[in-house]
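> Model the full structure from these sequences, guided by the hints.
Protein chains in written order, with my numbering: chain F, 1 to 803; chain V, 1 to 803.
Bear in mind the hints are in silico, worked out from the structure with no lab data behind them. Warning: the hint list may mix true and false statements.
Since the list gives no way to pick out one identical chain from another, each pair is judged satisfied if it fits inside one copy or across any two copies.
Keeping only pairs whose Cα atoms sit at most 30 Å apart, straight-line, the calculated DSSO-like set for lysine-lysine is [as the list claims (entries may be wrong)]:
#: 1; residue 1: Lys715; residue 2: Lys689
#: 2; residue 1: Lys715; residue 2: Lys730
#: 3; residue 1: Lys661; residue 2: Lys764
#: 4; residue 1: Lys340; residue 2: Lys30
#: 5; residue 1: Lys309; residue 2: Lys404
#: 6; residue 1: Lys715; residue 2: Lys661
#: 7; residue 1: Lys443; residue 2: Lys309
Number of protein chains: 2
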Amino acid sequence: MASSAKSISAYGEARSTVQGKPLEAEEVRKMTAYFRASLYLCLGMLYLRENPLLKEPLKVEHLKARLLGHWGSDAGQSFTWLHMNRLIKKYDLDVLFISGPGHGAPGIISHSYLEGVYTESEDEDGMQRFFKQFSFPGGIGSHATPETPGSIHEGGELGYSISHAFGTVFDNPNLITLTMVGDGESETGPLATSWHSTKFLNPIVDGAVLPVLHLNGYKINNPTVLARVSHEELTALMAGYGWKPYFVEGSDLDTMHQAMAATLEKCVQEIREYQQQARSSKKAFRPRWPMIVLRTPKGWTAPRDVDGKFLEGFWRAHQIPITDVATNPSHLKVLENWMKGYKPEALFDKNGSLLPELKELAPTGNARMSANPVGNGGLLRKPLIMNDFRDYALNDIVPGKTIKGGMANMAKFLRDVVGKNKTNFRLFGPDETESNKLAEVYKEGKKVWMGDYFDEDKDGGNLAPDGRVMEILSEHTCEGWLEGYILSGRHGLLNSYEPFVHVIDSMVNQHCKWIEKCLEVEWRAKVASLNILITATVWRQDHNGFTHQDPGFLDVVANKSPEVVRIYLPPDGNTLLSVMDHCLRSVNYVNVVVADKQDHIQFLSMDEAITHCTKGLGIWDWASNDQGAEPDIVIASCGDVSTHEALAATALLRENLPDLKIRFVNVVDLFRLISGIHHPHGMPDRQWKAIFTDNKPIIFNFHSYPWLIHRLTYKRPGQQNLHVRGYKEKGNIDTPFELAMRNGTDRYSLAIDAIDLIPELVNKASSVREKLVNARLAGKAEAFENGLDPEHIRNWVWPFARK
Amino acid sequence: MASSAKSISAYGEARSTVQGKPLEAEEVRKMTAYFRASLYLCLGMLYLRENPLLKEPLKVEHLKARLLGHWGSDAGQSFTWLHMNRLIKKYDLDVLFISGPGHGAPGIISHSYLEGVYTESEDEDGMQRFFKQFSFPGGIGSHATPETPGSIHEGGELGYSISHAFGTVFDNPNLITLTMVGDGESETGPLATSWHSTKFLNPIVDGAVLPVLHLNGYKINNPTVLARVSHEELTALMAGYGWKPYFVEGSDLDTMHQAMAATLEKCVQEIREYQQQARSSKKAFRPRWPMIVLRTPKGWTAPRDVDGKFLEGFWRAHQIPITDVATNPSHLKVLENWMKGYKPEALFDKNGSLLPELKELAPTGNARMSANPVGNGGLLRKPLIMNDFRDYALNDIVPGKTIKGGMANMAKFLRDVVGKNKTNFRLFGPDETESNKLAEVYKEGKKVWMGDYFDEDKDGGNLAPDGRVMEILSEHTCEGWLEGYILSGRHGLLNSYEPFVHVIDSMVNQHCKWIEKCLEVEWRAKVASLNILITATVWRQDHNGFTHQDPGFLDVVANKSPEVVRIYLPPDGNTLLSVMDHCLRSVNYVNVVVADKQDHIQFLSMDEAITHCTKGLGIWDWASNDQGAEPDIVIASCGDVSTHEALAATALLRENLPDLKIRFVNVVDLFRLISGIHHPHGMPDRQWKAIFTDNKPIIFNFHSYPWLIHRLTYKRPGQQNLHVRGYKEKGNIDTPFELAMRNGTDRYSLAIDAIDLIPELVNKASSVREKLVNARLAGKAEAFENGLDPEHIRNWVWPFARK
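Here it is as structure tokens:
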């Protein structure tokens, strides 16, 4: 076991990679005062509801009844913000601040307050209200929530600070995103891989991320891994990730100010030099970008111990640093002395306003990190320039007969979106863009690649420093980049294999929460929607097998606020085009589009597709034979493969039982199924009944787990007649037909179910039923014999005339 | 841009860190032959259904109709396996092989075949069947699926090879888990952070993981990041993660054999030396464990190009290397020449059996990696030694009155499970064990920590090299370790905050799929259940706010196979004990237990709790007043906080409307609600009706999103009378009561709903209704004023006599 030397030597006099004392003594004095003002406000937020300037002796009744909030990383973050302020003023920089550590919001919000952004009145009354509303009902949270000026990153869930930061600087050449990275957060997988983002950043067209890894030392109750490895290991790790680490370590304020000022300035200069070099030479290269390791005690500037128990520099400083101040008078006194030690009377005038000599340390206007428009990206958002999607229609088709690839066709539309929006749109995906039949986009924008190039890359590598497609085998990083890109005012689309989009369940949840909460913050302008295109779906997994079969992302999304989530399952190529156009034009949603990438029968002309998508669901008259009569049964579908099988079942029934009246319904917009009370896209029961009836059996063939349809329709009239088929977690190495059969979603099973649901058919259709059962068995046998479905299944087309 | 020098110099003559030629020429010859045999089998699996030994000229009819499978990483993996075989024999090692790269299964399965584990007959007929079943309906997948002998890691989803590997070696001091890590997989977040696992491995009690990072160079369609950074960066990265990297790079077989033999042997020797040093000195330390960087061309030993397009050493070698062999005769010939180039006639005798001189290269019996019992961990599983959970009962309570912490109490039970199973059970969690009120376990097992120690750790740090609790701030790593630990035959429990368990949605999905599929593999012995304890739940988030409110993990789990998933929501402390005991004794499930960590009212004595948990749900007579009569309404609950509010609503109704007959139902075992047809825990409609009625309104207060209850009960008689309340994605910085109110799950809202659902009460209870509405408003006002709920809500207890 190592000695205690490391923990103590880290504090006290600053140790740093960059030497020098760039600050005058007077500057140090003022910066220390400003820092004290920020920390005073942090404690005020945690503890006080009255007596904000401590003009009176601190009493229990001045305290909040419930003490909530975190102290641990406040000082280190505030310190970093303060030092960047100096450089913003000196170099006229454009800087966004991202706060990665969990619950460090007071350190940030205090600066917003001091900069005049986050207060109604810069006086004692304003300060009191500012304190009270923190972590208080009706107020603001203890993360950098949407209410926090300048924030695009809440950090409630850890791990995404760096990927979000890179998202903000792509196509933002002048921006530096200063990113505090928590050492706890650094242990998460998403953060650990996001350091590699430098291999995808082009110094000519993109800005720069300046990470400050905050070695705060402790998480909630544990030391952090990176604070407990050797200096050499940590240096190697950062160098291995491709960065050049600069260390600033200590706690003594005077020397720490000098060290941080010199180091941060060195980093900014290096960034500018690399950018200058690349931009003047027009040769993109990957520098070893600078980053800072800032080691300060957790809870820095708190008392080192209270009653013999460590506070500063230990995990006890994580949350409310002294919890029993309301019941322990001596601890109340400790708190009072601590707060008074910041000398509020020397920082704020008697009205509670920050002294002018301190105020002038911060930048003004939009140069303030708390007021950077990038932090309210909707303000900067410009609509995409898009061709008319109808120009990409699949026109050369016989609906119901022609087999084409809707995804590959849509890729042409997407190619031109890329081409027409070269600084405003990027496509993201984990190494699956080509596999997902979207390679056409590379004609207008190759894959961004700043790693080494080999000669063989010329053989179809599609790599370029100035590409527009972002591919790294980390769904987390792709999603984080996209979120950062959108939140800073641009547009994008993520494409992913269906089973592995679950990897980012939690990230998408958090993004939904962010944009939903933004709706309640009046100054937040709406951002582009987060578009997720899911393909390589459950029904076409073949040899990938069971691990690649999971359509349940829709269940996760459907739980989020109806104000922000939209789910579309276009049944063919023209509907896919219409849906994609709609999604790319929309704002403030998470749009999820599910469409298989393989070739499929095309059903709708472009005009029909537009009509169908506009309604979101509808009766397909050409597939139905109940015109002018009550149907005997409704067959419904949602999802392309599911629609294909449902139509084949409909055809089997119509061929074999021509007297049977069948109504065929297709659903594109999943939330049409729900009541209008519960989702803006929902429809009234009256309309439901007109489409589905309230007294006929309905067989609903669904793309995903069947229960989602029941959850959406549980209150519908006639819901007891609704029989949903979908993926029931049955799969293996299956041909498409065999997989459908395992789950009861194949044409034969659906047709058999229809017969079984209509009492009059029980005897009348028994021979038809037997025929269907035998056909089903034959399909399975052929799969086992040849590894292929029967040819009549593989090449099935709609057998009736269309119109 | 770098020149092409790197790509070419990586191939050809071997370059390696360790020099030396440990192999005799004869050994090299035999190993090359064995390697050729393995590769021949790989191609056979991809292509052939007949003519397995190519005794006849290759014709289209010998090919599989559909070509599926992957070639890309097969050679590198096979090569590594082969070299470890040599050392297993030389040093009598106990080695498990984990295959991280996606779809590399042929490389592994071919060895299982050659070692005689994975074949019914070692002859031509056996080989033909072996080829045909690969990636074929009714056969096996293209990953290391449960059917693969020696596999505990399928790798269908990437990122978990290293965390799984560490899980297998914890408390397995003699085991070396050789882990192939894909360079694509290395880009995932979970993999990127899992390298830090060394800070949690004790060389005295644990075995060793030997990672081989396979720089195969390409993913599906992209180069990999780690293959396109400099040698210096990659070396630094591995050193920064705490490993000592050894490089083996090239393609020339003779020199590569020598390099790999020397290097792998060096690594094994170092591992043994470090273990010896720690074990003899009894001083645990963290060595810089050896690892290997193996750079070979993707698709190694394939033709370098076909028709002028790169194959070997390029991403085109990823999947089926030549796809059009059935339609392009010249390509069929290329394939035939390629396969014949491995000289099958010199490897297998005319019956198709591997020649004895090659056969002897592999170990025998359980020393074969394909037959290591750790790879079928259920064989090694020993039941936990557990005290009677009833001994930990909360006995000193007045049911319905006493407020206690059920979680903190259960921690005592868990403490003794830890204490009695010091090599067979570990507790896992992302830095939340203490926050989750489980710190009592530290008395029997501290937190494993192999990072540096500071003096201040003595102040309640609870760290130790020989601890039993695993805490790293990566849910992915915790889950991966736990899965590896269980799959290798031991027991464990993961505890997590509820909102962030979504981080591992996808991992849990994959584990469910693994154990479900294992049920179909007759030689797989059952492993301990994966137990997930979810706490810090949605209803008690206070200042954490909206980002910490997401109870939707249950929806993800509920989609998995009913054979393997179980969900429990114990309402109080004694039911929690009963449920935990049950889960820890069970096998082959994923058990999810949801219980809040705060103090709550206790409702059931231990005897009552056991009865209740055994039934899984039941009428609480003591809370009901419908004895001997039909109820007017059923009030049901599932989840502790939800039960608390539902009971409070029941009490309000009984106090204000004493004539109203209320039946109170509580659900512990969520799947009791579903039909017995769909889940083994489900119950028949008859029983449902006896409990819930089929004609009375039911108000069901649920812990999670309400729709999950509708999804489970959509076919139940009287389901139209079911009104579910739950979390509806409404939240902010809320007091507990205020949050409940936003979502309609508070006592007043529930009581008001009850009144509104009973037509007779519309007029009769109007004044009571008004009183309830006012009380609800007052609760909100008080929260806004003081940040606290009203005292009568905070300290509410059941107001009636309990028997």
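> From the Cα coordinates, with 30 Å as the cut-off, is the pair lysine 443 and lysine 309 best called within, between, both, or neither?
Between copies only: 20 Å across chains, 64 Å inside a chain, cut-off 30 Å.
> Using 30 Å as the alpha-carbon threshold, which applies to lysine 661 and lysine 764: within, between, both, or neither?
within (15 Å within a copy, 50 Å between copies)
> First find the shortest C-alpha distance between lysine 309 and lysine 404 inside one copy, then the shortest across copies, and answer within, between, both or neither for a cut-off of 30 Å.
So lysine 309 and lysine 404 pass the 30 Å test across copies only (27 Å; inside, 71 Å).
> Treating 30 Å as the Cα threshold, decide for lysine 715 and lysine 730: within, between, both or neither.
both (28 Å within a copy, 22 Å between copies)
> As a check of your reading, is lysine 715 near lysine 689 (CA-CA no more than 30 Å) within one copy, between copies, both or neither?
Close inside one copy (12 Å) and across copies (19 Å); limit 30 Å.
> Checking lysine 715 and lysine 661: alpha-carbon separation at most 30 Å within a copy, between copies, both or neither?
both (26 Å within a copy, 26 Å between copies)
> Taking 30 Å as the upper bound on the Cα-Cα distance, should lysine 340 and lysine 30 be classified as within, between, both, or neither?
Cα proximity of lysine 340 and lysine 30: one copy only (18 Å, versus 80 Å across).
In terms of the numbered hints stated before, the structure departs from none.
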